[in-house]
Each structure stands twice: as structure tokens, then as C-alpha cells.
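Enquirer: The chain contents come next:
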Amino acid sequence: MRAALAALAFFTQLAHADASRIVTLALPHALRTGDTAWLEVKVGIIARGEEIEIATAAGRFLGVISPHGIHSGHEAGTYTIPLPADAIADDHISLRISLDRSGHAQRAPTTEEVKSLRVTIVDAAR
Amino acid sequence: MPQLNRRHFLQTAIAAAGAATFPANAQPTAKYTRYNVTSSGGQKALASYAKAIEVMLKLPADHPQNWFRNAFTHLMDCPHGNWWFYVWHRGFLGYFEQTVRNLSADPTFAIPYWDWTTLPQIPDSMFNGVLTPTDKAFEPYTGNLAVFTSFIQPALTSYWSTLSPAQLAQLTARGYTSIDKLWNDVTGLDPQSGNGISGNMAYANPCGARYLSRNNPKLDDKTAYNVSPFVVYSGLLPTDFYNAQNNLSFNSSKTTSHNAQPGGADSFSVLEGLAHNKVHNYIGGVGPVDPGPYGNMTNFLSPVDPIFFLHHANMDRLWDIWTRKQKALNLPWLPSGADLQALSSEPFLFYVNGDGKYVGASKAGDYLTTEKFDYAYEPGFGEKVVESATPTTTTRAMPPTRGIVKGNAATVAVSADAIRSHLASELGASLSAQVTLPRPASTSSAREFDVIVGAPSDVTQVSADSPYYAGTIAFFGKMMNMAGMSQDATFAVPLPKKPEAFHMLAAQANASVNIRVVPSHSHGEKAPTLKAVTVRAR
Numbered sequence: 065m066r067a068a069l070a071a072l073a074f075f076t077q078l079a080h081a082d083a084s085r086i087v088t089l090a091l092p093h094a095l096r097t098g099d100t101a102w103l104e105v106k107v108g109i110i111a112r113g114e115e116i117e118i119a120t121a122a123g124r125f126l127g128v129i130s131p132h133g134i135h136s137g138h139e140a141g142t143y144t145i146p147l148p149a150d151a152i153a154d155d156h157i158s159l160r161i162s163l164d165r166s167g168h169a170q171r172a173p174t175t176e177e178v179k180s181l182r183v184t185i186v187d188a189a190r
Numbered sequence: 005m006p007q008l009n010r011r012h013f014l015q016t017a018i019a020a021a022g023a024a025t026f027p028a029n030a031q032p033t034a035k036y037t038r039y040n041v042t043s044s045g046g047q048k049a050l051a052s053y054a055k056a057i058e059v060m061l062k063l064p065a066d067h068p069q070n071w072f073r074n075a076f077t078h079l080m081d082c083p084h085g086n087w088w089f090y091v092w093h094r095g096f097l098g099y100f101e102q103t104v105r106n107l108s109a110d111p112t113f114a115i116p117y118w119d120w121t122t123l124p125q126i127p128d129s130m131f132n133g134v135l136t137p138t139d140k141a142f143e144p145y146t147g148n149l150a151v152f153t154s155f156i157q158p159a160l161t162s163y164w165s166t167l168s169p170a171q172l173a174q175l176t177a178r179g180y181t182s183i184d185k186l187w188n189d190v191t192g193l194d195p196q197s198g199n200g201i202s203g204n205m206a207y208a209n210p211c212g213a214r215y216l217s218r219n220n221p222k223l224d225d226k227t228a229y230n231v232s233p234f235v236v237y238s239g240l241l242p243t244d245f246y247n248a249q250n251n252l253s254f255n256s257s258k259t260t261s262h263n264a265q266p267g268g269a270d271s272f273s274v275l276e277g278l279a280h281n282k283v284h285n286y287i288g289g290v291g292p293v294d295p296g297p298y299g300n301m302t303n304f305l306s307p308v309d310p311i312f313f314l315h316h317a318n319m320d321r322l323w324d325i326w327t328r329k330q331k332a333l334n335l336p337w338l339p340s341g342a343d344l345q346a347l348s349s350e351p352f353l354f355y356v357n358g359d360g361k362y363v364g365a366s367k368a369g370d371y372l373t374t375e376k377f378d379y380a381y382e383p384g385f386g387e388k389v390v391e392s393a394t395p396t397t398t399t400r401a402m403p404p405t406r407g408i409v410k411g412n413a414a415t416v417a418v419s420a421d422a423i424r425s426h427l428a429s430e431l432g433a434s435l436s437a438q439v440t441l442p443r444p445a446s447t448s449s450a451r452e453f454d455v456i457v458g459a460p461s462d463v464t465q466v467s468a469d470s471p472y473y474a475g476t477i478a479f480f481g482k483m484m485n486m487a488g489m490s491q492d493a494t495f496a497v498p499l500p501k502k503p504e505a506f507h508m509l510a511a512q513a514n515a516s517v518n519i520r521v522v523p524s525h526s527h528g529e530k531a532p533t534l535k536a537v538t539v540r541a542r
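So the protein lines, in turn, are chains A and B.
Under my numbering, the residue at position 53 of the first sequence is numbered 117, and the numbers go up by one with no gaps.
Under my numbering, the residue at position 160 of the second sequence is numbered 164, and the numbers go up by one with no gaps.
Next comes chain A alone, as it looks inside the complex (with noise of 0.2 Å):
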């Protein structure tokens, strides 16, 4: 059983705030049970010494995105964060993106900063 499912999220922002971006992305559909839920987001140009942190509207941390031998100017990249199944509530889930620099406040990162993000489900099987 190869098949795999990945479907561009329907992708809503709900606030700018500030410290960081709120956005709520809808699964392609309900996970079933032993499906896995991924996040992609696609980084644009940051400094060097910033950081993408994802993490749950509700504050659950996600994971930190620390582009590596990136030349400047250039931008860092695809990456897949994994979510747990739990964080997830009616096929949705809602998550805070912060720019973090250290002896800075935190803040949302530009939409060339984080270019894009869409969750994906990879179906039991795989």
C-alpha cells in the first residue's frame, strides 16, 4: 500500500500579531488512526543567527528552524516538521510562527520570511 496523501492546506491567517504570525491550516482531511501529520514551510531569505519557531496558537512548542551553511542572501529552504497527532483538533490546527533573534523581541516573520506553509498526511500505510 504506497499510495500517500499530500494536499495543499487550505491556508487562513487569522491575526498578525506582533510577536508572531497566527495562522490556521485545515488537514486535507481527518486523520485516521496510524496517519501522520506534517508541517512544510518554506523559508525565504533570513539573517544569519534567525530562527523560524513553530509552535501551537496555544503555545505547544514545535520545533525550531535553524537554517545551517546557508550563504547570505541566499534563501534557506524546505523543511518538514513533524505534528503530533494530538495537536490537532477538528482536522485543524492552529500554530504560531515567530522569528526569533537573539537580544530581540520576538516577531512575526515577514511573508517573504516564511513564504508558505501547508500541511500534509501521510496515510498509515506508508
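Note that these hints are calculated values from the structure, not bench results.
Please read all numbers here as calculations on a predicted model, not as lab measurements.
Some hints here could point you the wrong way.
[Stated by the list, open to error] Only pairs whose alpha carbons sit at most 20 Å apart, straight line, appear in this in silico SDA-like list of lysine to any residue: (1) K226/B <-> S162/A; (2) K388/B <-> G98/A; (3) K258/B <-> Q170/A; (4) K226/B <-> L126/A; (5) K388/B <-> T100/A; (6) K226/B <-> G167/A; (7) K106/A <-> G267/B; (8) K388/B <-> H168/A; (9) K106/A <-> A269/B; (10) K226/B <-> A153/A; (11) K226/B <-> E104/A; (12) K106/A <-> T259/B; (13) K179/A <-> G267/B; (14) K226/B <-> P292/B; (15) K106/A <-> Y246/B; (16) K226/B <-> G137/A; (17) K226/B <-> A83/A; (18) K222/B <-> F125/A; (19) K258/B <-> G133/A; (20) K226/B <-> H168/A; (21) K106/A <-> P292/B; (22) K226/B <-> A122/A; (23) K185/B <-> H135/A; (24) K106/A <-> A264/B; (25) K226/B <-> A172/A; (26) K106/A <-> N247/B; (27) K179/A <-> A269/B; (28) K179/A <-> G268/B; (29) K226/B <-> R124/A; (30) K185/B <-> T153/B; (31) K367/B <-> L338/B; (32) K106/A <-> Q265/B; (33) K185/B <-> G137/A.
[Claimed, not checked] From the structure, some residues in chain A lie toward chain B, with a derived Cβ separation under 10 Å: (34) A101; (35) W102; (36) S136; (37) G141; (38) T144; (39) S166; (40) R171.
Think of the CB as a built atom: it goes at the ideal place given N, C-alpha and C, for glycine as much as any other residue.
Could you slot chain B onto chain A? The hints should help.
Expert: Showing chain B alone in chain A's frame:
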């Protein structure tokens, strides 16, 4: 064709389990063992490692095995963000291991690994002497940028003049069209603005060469999350060596050259993008330090910090685990066809071997297994994936439960918690049934029997996509009654992960699980009379 695939897989796995002398997931026997750094073997290896570093530091800058020259091999040639990440580093570590073996005069040496999932802090021994780049032994070479430049740049310039056209072409692909361009990455000079950018500087002063210290050795919470069991297990889940869909791919992007610099077009695998990157950066101070300069581990000159090799040994160990998991599941562990050709034929041209000689033209295909360097790992975190075990403890604590057998059916009382854990497990089946039945008589045409779980009594045949289907027991070959051969045979069959198979699951502590064995084919064969059925957690 999901039905055929699942049925075929189970038949193959069962037949293999019956025939193989060694389990498919066994670690291969090897000449050298890479120990966990915290074990006694790992500590012994560290002593040899330190001995070799002392020798390498003192070698002249034009010696290919000089400590810093070795690090420049990484800066000039390392792939990141593409599917040569693991295989190139395997070659780099393998030859380095030979060097340490020779220079330490320890013929048993193998690089110890740092299992950051179970130990989310720099091992204490790695703050001793030359095992940290902050040690005074580094100062004669790295005391300041001018000292470092005068020590290493002339030798690198001389080396550059000896490079072959093929090597120069690879360097050009990295953006290093001259030694000056390469050196800009050492100093952090931005040629466009003419300004130095401290965060881009690969050179690190000894006092700032490693952010973490003996008094502050721990990974912070975010870094520890990126190497947590959940993230590492997730990174081991993919079943394709490479897949354009990132969450199905064990490796990062497929690119045209291993020297393609990582950037916007690349997709990073979970283990490279989260665990590998964040550990590198945090050790060097990305996060707590701003705006740099950072420690050695944050850039491609990172092998200056001896922790580099323990970190990458752990990444290599995880690749080895993934490979053995694939083999145990009878799944491909390499790409095939044109993809395998493209992966394998990539030239790696900069390695230096244990005798201090340039290896010359080698290819990625030379390093796709551990055989070339003949090592295996002392088991560490992640082995459960190979064993198809679940990381939860609920089911593991469950004792084997023998069922009540009647005819071709058995009823087994299984704890409801174990079933719920089994259904929720992300690592495959955690519950399996051991089914004992008589070998078919030599005159019987029935050779294959389906194991069905929780099916209504009127269901006597199932397809492979039935929620009740657990697998097919296939007796292999002619049913000869050989002297000494048992008349009964026992098979392990993973229970299905479908709620329908456990419809008896209710609020009570135990659920009654019904397991039946029926002939696979409807040719009028009789169902076997079961001898025993036991459900156990794996």
C-alpha cells in the same frame, strides 16, 4: 494494488523468518565498533581520539592530515540539503577514522557517537583538553584571525594550485572560483559591500570556538525538542531513500551535484533539517549569541570542533538504523534505476585517507554501505524502529496472553489499553499473535491460511484490504515429514491496526479478541485445528 502488496509483504516476511539463520534486523558483524561515547568503549576511543588530535594539530599546514586542513576538506566539498548528505559524510568520517587509528596507534579505534536523544548535552569528556576547540593547544593556530591566516592560507593556496580541472569545476559549483572567494567564507567578508559580517565568519577565536561549556553543557529546550524521540522517530518513518514529497523522503533534495549550495530550492529531510542543523548551530551559539561571531560548529569549517565527528557519527548511525529498518521490512534501502546511477556515480574528489594520501577519484557509490570501512554501531536510540517495536511502554509491559482455542478459532483477553496503544502507534503494529497450527499433510492442497481478527462469524474469506485481515501464513515448499521436524509450526502475525477488528473494545479493562485461521483460497479446503494462539506486545 494495495491488496497484493500487503499480502505479498507478509508472505515474504513470514517465509524469510522461517528460513533465515539470522534475523533481518541484526547488526552486521564488523571489524570495528563505533561505541556510544558514554560507554566504556566510547571513553577508551576518546582517549585515542585526543591523542590523534594532538598529533594532527602539530602537523605542518601543508600536511593533508593537519587538523585544520582536514576541516577545510569539509568546507570545500561537503553537501548539505541534498541526497548526498549522508553518503559524503560517511566517506569523510571513514577516512578520518583511519587517520585517527594510525596517528593514535590504536588499531581498534572507531569514532564514538553522541546520542543526543538520550543525552541532550555535550558529553562531559568532550570538554577535556584538545577535545574542545577552546583548549590552549589550539591557540598557536587560531589565536586570532591574523595568526590563523598566516598559518593556513599559504598552504591552502599551494594546494589550490595542484587541483585538477574536475576538482576546480566542483569548487566553481560551490561558488569558489578562486581561493580568495573561499577565503571570504573564512573571514566573513561580503565582497559586494566590502564589509565583514561577523556572523558569516568561519574562523573562530578559541575563547568563542564553542558556545557550550562544561558549566553550561546542555542543549536548550528547543534544540532538545529537535532531537527528541518524536522528531527522530518521525525522521526514520519515511520508506523511500528519496521522494520528491519531503515527508516521504529519508533524504533531502535530489540535486544535480553534491556541491550545489543549499538554498531556496532545497527541501531538508526531518533529520538533517531539524536535528542535524539545530545541534550544529546551538553548539556554536546561534540562538543565544547575536550577531556573532559564532563558534566553529555553525559553519562548514565545523570539523575544527572535535564534537563534529561524534555528532556526525550519530547521524550516520541513524542512517544505518533506517537502512536496517528498510531491510527488515523488505523495502528498498536505495533508489533504483537511473536514480541509483545518478546517486552512485557522483564523484567525491577531495578525501584524504588514513595514510595521508589523497584518495583521488572516488564515487558516492563506494560509500553507500558501511562495508568499505567495516564498522557497526553499538546499539543506541532508534533501534526500536528496526525491531518494529512501539516507543510506548504500555504494550511492552503487557505479558504474553494465551488464548482459549476451539477448532480454528481462539479467544484472547487483551488489555484495552494495549489495544488502544496498538491502534495509535505510529511505528507499525505493536501487538502480534503467535499462531501455532499443524503443518499441512503432504497430501493436502492447502498451503496458505489467512489470519482474521474480530470478523463476524459469517465471514469465512477476506481480502487483504479487509479490516479483519492480519496476514497470510504460507507454508513454503513441499510438505515433507523429515525426521526431527516438528509437526507443528508457529508464526508471528502482526494484528491489524483497524478499529473494526477490535469491536469488543469497550470501557472494561480487558477486551476479548477473536482470532481465526481460514484457508486463503476457497477450494473447499478445511480450516486447520489450531494448537495455540498467544497475543504479545512487541
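Enquirer: Check each numbered hint from earlier against the structure, then list the numbers of those it violates in ascending order.
Expert: Those not satisfied are hints 3, 8, 10, 16, 21 and 40.
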